[in-house]
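In the working numbering, the protein residues as written are -4 to 201.
Keep in mind that the hints were calculated from the coordinates and are not lab data.
A hint or two may mislead.
Just the calculated beta-carbon pair ranges, DEER-fashion [to be verified]:
(1) Gly15 x Ala176: 27 to 35 Å
(2) Arg134 x Val183: 35 to 43 Å
(3) Ala108 x Gly36: 39 to 47 Å
Below, a list of computed lysine to aspartate or glutamate pairs in the DMTMM-like style, where the Cα atoms sit at most 20 Å apart [said to hold, decoys possible]:
(4) Lys185 x Asp35
(5) Lys104 x Asp129
(6) Lys104 x Asp35
(7) Lys185 x Glu172
(8) Lys104 x Glu41
In this text, a Cβ means the ideal position worked out from N, Cα and C, and glycines have one as well.
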Amino acid sequence: MHLVRLPSTVMTPGGLSVRGAGPELLAELLLEVDAVCLRDGYDLQETMAPGVTREVIDAAWAPRGIAVPEEAIVWWGWHNGARPDLGRYAGVRQVSVAFSAESWDLKTKGTSAYTWNRSWIPVWGPGPDHIAIDTRDHRDVSVRATEFDLNTQETADTPGVISLCTPITWWLTARAEGWVAPGPVADVWKTELIPTAWLATELARL
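Whenever a hint applies, use it, and build me the whole structure from the sequences.
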């Protein structure tokens, strides 16, 4: 049973999104992630580090000239990456504020296709499906898959979506619809059931 009614996917001028996307909906969806994970046998309250305050998040990003959108405040207020004593891959692959900032520091920034757009900050990874968000628009937050540090420029080939609500809704939908099941080593996906437009973003199989 869902704690929230999952929103429908819609097309917007900035890309696919979900109805009602924004910080308030994101907070509700993340609580649903906690509940689904607990149902599936792993408690994120035990494997993930506690969420942090706005002050902690701003202290990490303000010296780097980044003003994070409210969705990032909700994101890291939920959890702050995996518990350090359990390793980076415990729970879900949300990265901590510190890991995100340190990773951002190491990226080669610029405007070409093979450099990192400095306005983007990592929120998910490491692994085959890194995710970053654009901090320039605080109302319609762009989200993209950024494997190999690509896809943060305006000329990116892989389409992005609007709001972290979108990939989180897809994550929940996949589990509700039986498109994915826990496997002995990794999740087993029925990709033929996932909408093609979702797959094109590389954000549909977290």
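(Q) Going through the numbered hints above, which ones does this structure break? Give me the numbers in ascending order. (A) 6 and 8
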